[in-house]
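Visitor: Here is what each chain is made of, one letter per residue.
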Amino acid sequence: MKRFVIALVAIVLLGPAALAPADSKIKVVATIPDLADMARHIGGDLVDVSSIATGVENIHAVPMKPSFATLLNRADVLLLLGLEAEHAFLPALLEAARNPRILRDGPGYIDCSVAVDVLEVPTRLDRSLGDQHPMGNPHYNLDPVSMKEAARAIADGLGRNYPEHDAVFKKNLDAYVAELDRNIARWEKEAAPLKGKKLVSYHPDLIYFAERFGMQAFGTIEMRAGIPPTPSHIAQLEESMRKNKVEIVVRELHYPAGLAETVADATGAKLVELPAFVGGVPEAKDYVSFVDYNLHTMLKAVQGS
Amino acid sequence: MGKVARRAGIALAVLALGVTTLPRGVRAQSDGLRGELEAMRKQLRQMQEQLRKQQQLIDKLSAEKQVPPPGAPGATAARVPGVKTAEAASADEERLRTEITEKIMRRIQPQLAAANKTFPSQFNPAIGLILDNVASYADKERGNFEFRAAELGISASVDPFARGYAIITGSPDGFDVEEAAIVTTSLPYNLTVKGGRFFADFGRLSKFHDHDLPFVNRPLALDNFVGGESQSDGVEVSYLVPTKQYLTLTGGWYNKLGAANDRVSNTVSRDLSQFTYLGRAATFFGLTDSNSIDLGGSWAYTPEVKIDNGASRNLVGVDLTYRYLPLSQASYRGLVWGSELLYNQEDRPVGGFPASSAAVAATSLARGLGVPPLAAGPAVSRVSLAEPAVAPLLFKRRDTTGLYTYLEARLSQRYYPGFLFDYAQDIDHVAGYTTSYSPYFTLWLSEFQRLRLQYTRLEAPGNHENQFFLQWTVILGSHVHGFRDR
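Chains as they are written, first to last, in our numbering: chain V, 1 to 305; chain P, 1001 to 1486.
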């Protein structure tokens, strides 16, 4: 009887793993939908892609749900933005997921930032300077040129893990990069009216976007990265915006609306509300439509002002 | 006059000499300058020539790129006589690229070498320090500035198979190793083994360090039943069931459960029946994207507690946490409702343990135990004046319950108000029960600095007390968001 009970318990606990139908597709888990979209283009029918974030979240405050641990537990590869962007949830989830394959330095851990030209790499690390990212600003997903490097990192990573499909990944990558290149040429042409325009964002996550399209990231509503604003900081910011004729205030949609509106009203700047990731608004269904949405929304604001 | 004429003649001669010699020096100087100028012009011409050649090469390469592929309409017409083939241009381009790369690499090599230097200290673990201070005022105990703790956290990978961490706390009571544990990282079958001293996987908030609690003080139910933090020396095996539904199962084997649990000493050997064994199951239900429930059940079983007349002890807990976190606003909006219900069953002496430490020591020695002095904890601190200190104790099976429930709102990135209700029966059934009501307000100045104001109304039969607290907590250095602290 005792042995029967032990056997029953073992079957109940280990059975789900042993009896689960073998799925031949490569299970890819991305931290953000932008990378998930690229993985679908590059992996094609060979991959089954999921994303932890839906795109509406603040990457620095994605709720750490245990259901993500089970998702990561079954992952063959993990795609991440890197540069410590996911520090608030990913290290703990990886610990809970118990999947050595996707631990940092594991074969399935694909950091998409490895070849990106990183901006704002701090020369001094000190918490008085805010919630710093020691390896540099991680919000490169708003720049399509940087994201070409992310796409290459995905193809390289998938090819490293599944060399038998390397040729497919490379072919799909070339096609996807060509598509991005065509769009980048279009976007750069369309972005001409943005040249030299100054913007203030809630958090320093528009820096890559500004750099790519000739804008100037002037400052942030946050006092420092990750530090909520104080009244004196807002007063100084508004004064400085007026003196320097800053025309745009960007509210990334995962930050509170009230203060961004107040700053825009007080300085006569135009308020622009932008998603930070694919899926952040219904129109941003994939990476190309995400950049389209951001650029066209910004253009509308600049040309209307 | 003749003298003057002679002087004038000398002066004229000098002047004439000067006139003839000075221009010669100036001429020589200007000749030198002219030569240098010539050399510079030559260099400039050479550079211009070099630039012109480079420009030609760039133009050729650009022209080659614009040539349509063979077979395309107009391909022949677009070809320019004398222009290199695409292969040759590609080779030139490659050569140029290699040259430039080599030149850049030569230049940055010294900086790369400097940046790539390694030091033995680079393998030092991540270190963080948490400072926790509380100013308090109570009706009976009056005011106090309490330096609660400076808690040093150290963590690093051990090797590819394990990581280690330690929490060393300095407080007015001295230094204490709160945790020092080894955790496996690469076991198969979703298993994790933890060994050393750590907070056992019992319930939810008993695994939180004091400064990590949502309120100033640990709920009475946890203090009285678990013994504060669930600190344990032992080993724990945890299993993530490989299903889509999140489910973890934990089994633990410890000397005892609870930092302030003085039923058993940590330092003496014991029979297998005197260890504490733990089982826990925890699951999660995502009701919607924004609403979720964490549910857990824990059971700590000690087959034989010597000080409790050798009877067994059962400590059972159920914890439930509801969270509302709107995905797009999770950093500044939300609601958490957390509750734990505890049930304790064990033999306790009628009227409680005797008061004097000598008596406890005598009793303990007689039982062959190494029970710490009376002052060390609540379990042996009950006083019964009715009984003589050395009289044989009469034990009775006691069932007691305790619970806490709290609701905390996240109004902004900074402001977190909340309310805690706490209820705990006296384990010895001497003092009845205690309840407390604690509204509190937390102000997060940043992720690393927090102020908290709390009022607590403590009520026991025939007794009550008002308490006020102001807590100031900061984090220095390395800080990670742990899964168990969620």
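Just so you know, the hints here were simulated from the structure itself, not pulled from any lab data. Here a beta-carbon is modelled for each residue, glycine too, at the ideal position from N, C-alpha and C. Some clues are possibly wrong.
What the simulated footprint calls covered on chain V by chain P, stretch by stretch (three residues with Cβ under 8 Å from a Cβ of chain P suffice, anywhere in the stretch; the number is not a length) [stated by the list, open to error]:
| id | region |
| --- | --- |
| 1 | 47-61 |
| 2 | 67-74 |
| 3 | 139-146 |
| 4 | 219-233 |
| 5 | 289-302 |
Visitor: Taking the numbered hints from earlier one at a time, note which ones the structure violates and give those numbers from smallest to largest.
Guide: 3, 5
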